[in-house]
Structure formats: structure tokens, C-alpha cells
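Position chain B against the provided structure of chain A, taking the given hints into account.
Just so you know, the sequences run in chain order A and B. Everything in the first sequence is counted per our numbering, starting at 1 for the first residue and increasing by one. Everything in the second sequence is counted per our numbering, starting at 1 for the first residue and increasing by one.
Warning: the hint list may mix true and false statements.
Which copy? The list can't say, so a pair holds if one copy fits it or any two copies do.
Pairs of lysine to any residue, SDA-like flavour, derived with a Cα cap of 20 Å [stated by the list, open to error]:
#1 Lys164 / Gly28
#2 Lys164 / Arg24
#3 Lys164 / Gly25
#4 Lys109 / Glu235
#5 Lys109 / Ala83
#6 Lys112 / Lys257
#7 Lys257 / Val238
#8 Lys127 / Asp214
#9 Lys157 / Ile106
#10 Lys112 / Gly25
#11 Lys157 / Arg169
None of these hints come from the bench; they were simulated from the model.
There are 2 protein chains.
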Amino acid sequence: LIQTLTIVGVGLIGGSIGLAAKRRGLAGHVVGVGRQRPSLDEALAVGAVDEVSLDLAEAATRSDLMVFCTPVDRIVEQVLSVAERCRPGTLLTDAGSTKAAIVQGIEGKLPKDVHLVGSHPLAGSEKKGPRFADPELFENRLTAVTPTPSTDPAAVKRTVTFWKSLGSRVKIMSPDDHDRALALTSHLPHLVASALAGMMPDDLRELCATGFRDTTRVAAGDPSIWTGIFQQNREALVIALTAFGSRLEFFLRALEKNDRTVLDALLAQAKRNRDALGS
Amino acid sequence: LIQTLTIVGVGLIGGSIGLAAKRRGLAGHVVGVGRQRPSLDEALAVGAVDEVSLDLAEAATRSDLMVFCTPVDRIVEQVLSVAERCRPGTLLTDAGSTKAAIVQGIEGKLPKDVHLVGSHPLAGSEKKGPRFADPELFENRLTAVTPTPSTDPAAVKRTVTFWKSLGSRVKIMSPDDHDRALALTSHLPHLVASALAGMMPDDLRELCATGFRDTTRVAAGDPSIWTGIFQQNREALVIALTAFGSRLEFFLRALEKNDRTVLDALLAQAKRNRDALGS
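If we strip away everything but chain A, and leave its shape as in the complex, we get (with noise of 0.2 Å):
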């Protein structure tokens, strides 16, 4: 049991912990902290939290355990901020899209027996604000849980316990190869995905069915955030698009050669790796 869990941005992510924490019976107070009141008072009222404050420097002062879930260029500031006002035995941990900044920034900065463990839950839409927090959004979800060498290994231990007490499965990885992978599974597809929306003339709105809305969907998500996370990945992200080139040529090339076998090869082959996701 936490006594304290205070969540730093009661969004989506952080409303849906709140949510979580409390129907799980995980934690004794649960206070949530943000900057505009509107978005504080509605997670109170889906009650998503027992407490809201604008203060985040006196929530520190009270916290067992601290989920920062706010824009991922914000993290480390905030972290930082607040660290010499927590109680020893703090844990912070946050839910952020990209992981190597964030750790890299806040390692070696904070106070002995206050630890940060980077995490990443898997879960979210384009959707924003805490009227769409969901108790089960972490179910069989994945949450990379991103230690370094030199993180406390207790402070992983009740991290990890922490999202498996909200219903999730955790995988442990270096936070480098977190941000390799997610370039591939979460920022090349909204990047592809906003390109895609962002060159739709209007006059053809009418024309885009259920298969443009699928691929363009999470291009509806918050540009800011999105760019955050853009520019915290963006070595990776680079690397990742260039490969997402490459592939695009080889259907330019089987295009205007009229080459039957390569797109039945490359679609195949598409096809085979999206059954294996499942819908």
C-alpha cells in the first residue's frame, strides 16, 4: 500500500492511474497535481483523485511515491524542482513516451534515498483530458520500466510492483533501447500517420473511408506533446524514418516496374506481420 501517490498531470495517462490505484485499493490518498484548475477539478469529479493541488513543490513534501505524467520536455524540470523536498524514500517515477533523456537528465542529481525509475506504460489514445480515464486502461498493457546501471535496485522492485498492482505486465530495458524501439512502434507510425492526414487536400475528406481513418487516427493527438517526444527521440526517430524510406522505395520501384511478384511479396509480407499482432 502507498499512502501518498500524488500524479503529476491528471490527463488521460494520469487520471487512468488514479482511476486504477483507487478501484485497486492500492493506495490511502491519492492527490493530483497540475497547473489549470479545470483539468484538476475534473478528475476530482470522475474521481480519479482524493485531492487536487497547484502546488507541486508542498506535494512533494508529503508523497510515498510521485508519477510524473506530464509532457515529456517538462519531466526533468519538474523532477528536479521538487526533488530536495521529498521525504527519504521517495520513489518518482513518471510515464513518459521517451525514456533516455528523461533518465540521463535527472540521474546522479538527486538526493540519496530519493530514486527516479524511468516507465513507460503502453497505453493512451489520441484522446486527452481525464474524462477519458479509464481504471482498465493498464490492463495486459506492457509498461517498460527503463533502469540504468546505477539505479537502486529496490526502487525498481516497487516500481515494477507498482504497475503490476494497476493491472499491467512490465518489461525491464535499458532506456537507449526503449527509444530505439518505440522510434519504430509508437513515433515512425504518428509521424507517418500525420503526414498522411496533414496532406489530405479538404475537398477530399468525403472520399477518406475507414481505412484512412485507422491509418490517420493518432495524428489527432496533442501536437505539443508529440513534438516533445519527437525531439527527445529524435536521433533514433531519424534513423527510423530513413529506414521507413528505404522500404517506401522498394514499392516505387515495384510500382513503376508494374513488378506483380515484389508487391505481392511486400504486401504478403505485411500481412503476415500484422496477423501476428491481432486486432
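Chain B only, in chain A's frame:
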């Protein structure tokens, strides 16, 4: 009322046409024609057709309206193989995702009083077979009907009425306009989803969450059907793919320069376009 409606190819689309026509009392008798017994039996079992047949030429002799729901690269040959058997007044249409090659391949080669009007209902999914047929599939969807200057106006009118009677809205377009538009709204997204799915290493599968699943869903479609579509629309698809490549270059340059302003603008434009589409 259509006395005898013949559906050639009773997969998801053909089966849905049969279910919708029967439920709406649109056809006195619905014949399903195919090449494989199991799929025909399934169409009969789900109630999509009243009768099944392996004999396309015989079915043609007693049809008032024939809808070809076969792969785009088989439609021209099938239509031309049976046109001479049709009674005067028989209307032929199709549900193919490309239009110019089909319409041009048939136009001028039909007997007097047998008419083809190209159609493309923008409905369907990556699923396959009559067991996924849905009588509501065309409800509020758009069907493109693609006459040319030589198409019989009364036949166009009957085709429009047919699709509207199935619940669809109808848009009249030239075959070339259709193909250029669908290259962007459907064929390019399919190619892009397939490129993404195809390049994903097996060991990253567990890290593919909702975003990846949505973005690549259509890649589960039948490769042989999509190879035919790509080949029939390859000129427009090459142009669309080249434009998409240029758009990816904007992202690549912005990432290389770490240019937050440009990344934000690209993602914001994508979000505006995607939001305008609705879920």
C-alpha cells in the same frame, strides 16, 4: 424492385449487398456466383443470397442487375465473358476500388442495351468473407458512381438508385477523378500501412500498442486483391507516393535541425485535418 439480382463474388462486400438488398426488399431473388463452393455455402448460410451458382454465364442469362464484387483485375474479363449472354436491359455494375481500367476495358464492347456503370462503395474492412457481411455496411457511406460521356444516362440513374436503396450516399465522378482521389485517400494509406507493418521486427511486436495497431490495420487486407488495385492505379499511386515522400522530407529536415516550430506546425496541420474527419 429488381427481379433477379446477381452478385458475382460473395465476400464481405458482395455478401453485404445481398443482405442489404434482401432486408430492404430491393430484389425478388438474389443469386450469388462464385468459384469456390465453401464461400458460396457460407453466403447462403448467413442469408446473403437465395441461391448460389458456379456458372457465371448461366446466371447472366436471367439477371436484371449484376454486381461484380470480384478483385479489380478480374472484372473486365468476367464482364466481357458474359455480356453476350445478358438479356437486353441488363444493368452491370461493380464494386471495384479502381475505376478507369475497368470502365475503359469494357466501354464500347457491350451489346446494345446492356450497360455497364462503374461503382465503388467506400465501405469494407481488412476482413474477408461473407461471414463478415453486414446489411448496414453501406448506411451513410459514400458510393462513387463513375460514368463517362458515353455511358447511358438511364443506366447511371438506375445505378445511383440501386446504391441509394442500399442506404448509401452517392457521388458522381469521372473514373480518372475517382482513381486520382482514391490513390490519396485509400491506396496510399494501404501502401504506407503495409510498409510500416512489413518493416517491424518480430522481437518488437510486444511493444506495438494501439497507435501502431490502428496505423497498420489495413495491412491485414488480402495481398492479392491489393496488388491488383495497386497495379490498376499505379500511375496515380506513384504520384501520391512521391508527394508523400516530399512530406516525409519536411519532417526529416525538421528533425535534423531540431526545429520545434516546423514540427509543431506539421503536427498541428495534421491534427486539424484529422479532427475535421471525425472519429
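Out of the numbered hints, which ones does the structure contradict? 4, 6 and 10
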